[in-house]
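Q: Throw the hints in and build the complete structure from the sequences for me.
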Amino acid sequence: MNSVFSTEILTLLAPLGVLTIMAAVILLVIAFWRHHGLIVALTCFSVILSAAALIQVMPLWKTFLLGRTDIPMLIFDRQAIFFSLIWLGSALVIAFLSYSYWSSRSVFREEFYLLLLVATLGAIVLTSSAHFATFFLGLEVMTVSLYALIAYVSDEKQGIEASIKYLILAATADAFLLFGIAMIYAGTGSLELVKTAALLASAQGSTLVGFALLLVGVCFKLALVPLHMWIGDVYQGAPAPVGGFLATVSKGAILAFLVRYFMNVPSQGGSPGPLFVGLMSLGLVSMLGGSVLALFQSNFKRLLAYSSIAHMGYVSLALVAVPLGHQGINAAEFYVLAYVVTSLLAFGVMIVVSSDKDRDEDAVSGYEGFAWQNVRNRPWLAAFLTVAMLSLAGVPLTGGFFGKFLLVKAGIAGALWPGVMTLVLASAISVLFYLRVIWVLFKPEKKPMPNGIDGFGRWKELILLGVGALFVLALGTFPSWFVAF
Amino acid sequence: MMLTSFIVVLLLAAFVSWTAARWSTMVSRLICLFALGLNLCLTVFLLFQHRANPLSLDFVYPWVSVLGLSFSLFLDGLSLLFLMLTFAVGAIAVLSSWSEVKERVGFFHLNLMLVLTGVTGVFLASNLVLFYVFWELMLVPMYLLILIWGHENRVYAANKFFVFTQVGSLFFLVAILWEGHNYYAMTGSLSFDVANLVVIHNQPSMGFLIMLGFLAAFMVKVPMFPLHPWLPDAHSEAPTGGSVVLAGLLLKTGCYGIIRFVIPLFATEFVSITQPVMILAICGIIYGAVMAFAQNDIKRLVAYTSVSHLGFVLLGIFSGTEIGLQGAVLQIICHGFSTGGLFMIAGMLKERLHTREIGKMGGIWSSAPRLSGFMLFFVFASIGLPGLGNFVGEFLVILATYSQSRAMAGFAAFGLVLASLYGLGLARRVLFGKGDLTSMRDTGVREITLSSIMVLALVLLGIFPNSVIDTAKDSVSQLVKTLAKVGSR
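First to last, the sequence lines map onto chains A and B.
Residue numbering for the first sequence follows our numbering, beginning at 1 and increasing consecutively.
Residue numbering for the second sequence follows our numbering, beginning at 1001 and increasing consecutively.
Fair warning: there could be bad hints in the mix.
As the list claims (entries may be wrong) - Partial list, derived from the structure: chain A residues whose beta carbon lies under 8 Å from chain B:
| id | residue |
| --- | --- |
| 1 | P274 |
| 2 | I412 |
| 3 | S427 |
Honestly, the hints are just simulated from the structure, not real lab data.
We treat Cβ as the ideally placed atom computed from N, Cα and C, and that holds for glycine.
A: If you want it as structure tokens, here you go:
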């Protein structure tokens, strides 16, 4: 481990290296030759290559040490690889779906994929971090790419406004994060995640404040109430593929980091400690707040945004249960997987529908009667969106239900009764707005049928979404195929 | 294997009839009928086997064994009765929607068969989480049935139905997981099979809360008096086939859940709650009857009679005696036919007269004597005319209630009087007297056959109730023994 470029280190770094090199390659290709399809192919190729490299790394999981031999920077263990594969999969799906989306819009298309790759790179670094430096590095790489991605359609005021909102608020949250990390360092003398987590439960005074600030910064990124104000506007202003990325990878990476961080917190055997009480309270308020806020939305993107607040509230139940044992970890992992796939499905349908227009189809009423309109494969899209909504609502035989099942199980095992009861209440409320979307899809058609491609236009996207819907159903019916319990 | 075949046949029929509807809606309907008929014959075959040797069939297939989830099915005499009811009422539902559903026929039958699959699974499952999955499976297709093919106020009714049921189900889920957690704490392994869970001795307060969670879901479905508001709207706004399945089957799943799960798992807590629930059941009987009397919408009237009748069933179950349970089971089966028949007639009336308002009907006997005759018969069955099945059931229930409390039996019997008020009142207003609408098409061959079969079933059940009582005897006596042990603990 003394030379930076030994083969071992290169193998371990290959997944990240592939993405970096391919990002540079794409940048150069764009400079010489703008061809949309080529860049999409290159992006998909690099994601697949990176995933293959990750799977190669799996048997020899190790802590990667940089420079001085005793400071761990990155850990590529099974869990990190599991999560990283999810981010790569999401990037692949979004890149694939974005091809026809961007084809119908007059923007510079190719840079989108570049930014997407770099953001995914940041997410993987964030997930596999073992040190606050790599954590912050990954976070920033991802966030800065997002600033540009959200404002991508630059002649739309909404996008720029959303991006500036996100920029300012995220930068403030990052400032909190950094200050918190600094105070943790001052209190514990270490920046390694494992070492600081071990001291989390017994933190006092300024160290406790440091952890609290860290938590605040992280909760902003997760959009837990009361740090949720940005999410509605940002989701609405961002183009649909970026919304998909925000909902899945950007949130999921933070969740993965938290799971891995809390795994190292020794269980207190009983009371969870003030920080976890704080996290749980934020989670409780988010479950209810997100569900109630989404009730009044007629904009589909905002509805998904506010419902994601509720879902992050649900996951916080699992996060609090993580130090208390294995169940919380399983629940959190499965919920992240189920939530990512379901969100991709929902946003995917929105992307495909919006690919036929030049503005995003973000009003719920725009999906009216899809189940009966035999044009542009709308019945299939209605079916897929129904599956996504049912999964988010937690109806059995979908992944979302099994996620909630595991969450309640972990909550009961940890005696987190307020969390469990609030989950029940919030789920009941959330049923109303998920049902409303399904109702809109099945409304009998009164408007004249739109002209469109009959037969199987966009069959590639439809097959991808179909696989996604099947995946959601498989997660609920045969969960043991995907996650080891 | 035979047990899974019940479920698989219905699932296959659902998807095949959905795709077949592209070519011919008739084929689509026939496929559903065929599947239900096949299942019904299978249950009759099992019934004869049961007569020879009391049945106790098991089917276990591992699902996620680490988490204690397994695909476990179980059949005994009681489940067999419920299954026969399911397939019979299912066939009635398909037949009564024959001419009513003209749009998206394939999708209608897909949803109908999925609901029936869910109901079948509910009556067969012996693993709590599997039971929960089937419980929820009944929900979404029924929601779609009301939403797409329902009447004017269908969106409100469908949403109300979904939210009420889902809230109860969520509490049920928490209770299931809590019970599973207790089993894990006790034995170190996780299982949700009822056979394993019976060994748990919960502390009284905790056991009571868990039982309340179970009851939350079941009481919404039955429905018990304060939790009934979803029923009138859902029943009256649903299409005929949907109403038949709702009243005939979905309500019974709640009763089955109580009999099959609450009594064995929470015998002690059950005994402590019988008195309050019996009082609420009687409230339901009287409230349902009075509200039914006041209705002007024929389907809403029949819906409220369901509340009343299911009050009797609850009374019988919570009396905790063998007579009471047998009466409840008998009432369940007869109610399925009598109320199914009434909804079918209401559907026929709506098809012909395009209204559900009783005020607009009247004097139908002169123009459609056969239809009126059938309606009168179903009304008589519903109000508990001796000689028909409902009477035996209600009589046994009142007998059982008398052994617990004379006052309650008095009120329950008074409910019977109120029943004749709304039943005969309905018959008078619709069938006799002067009417605005004069001529009306009488019943066709399909409708006559269907109604005659139901009439025959009700008569047979009235004259030979022992056939039902004997089939359920083993299961019921076992339950009563479990309850009797509570007193001696």
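Q: Compare the structure with each hint and give your call.
A: How the hints compare with the structure:
no., hint, in the structure
1, P274, "violated, 26 Å"
2, I412, "holds, 5 Å"
3, S427, "holds, 6 Å"
In summary, the structure is inconsistent with hint 1 from the numbered list given earlier, while agreeing with all the others.
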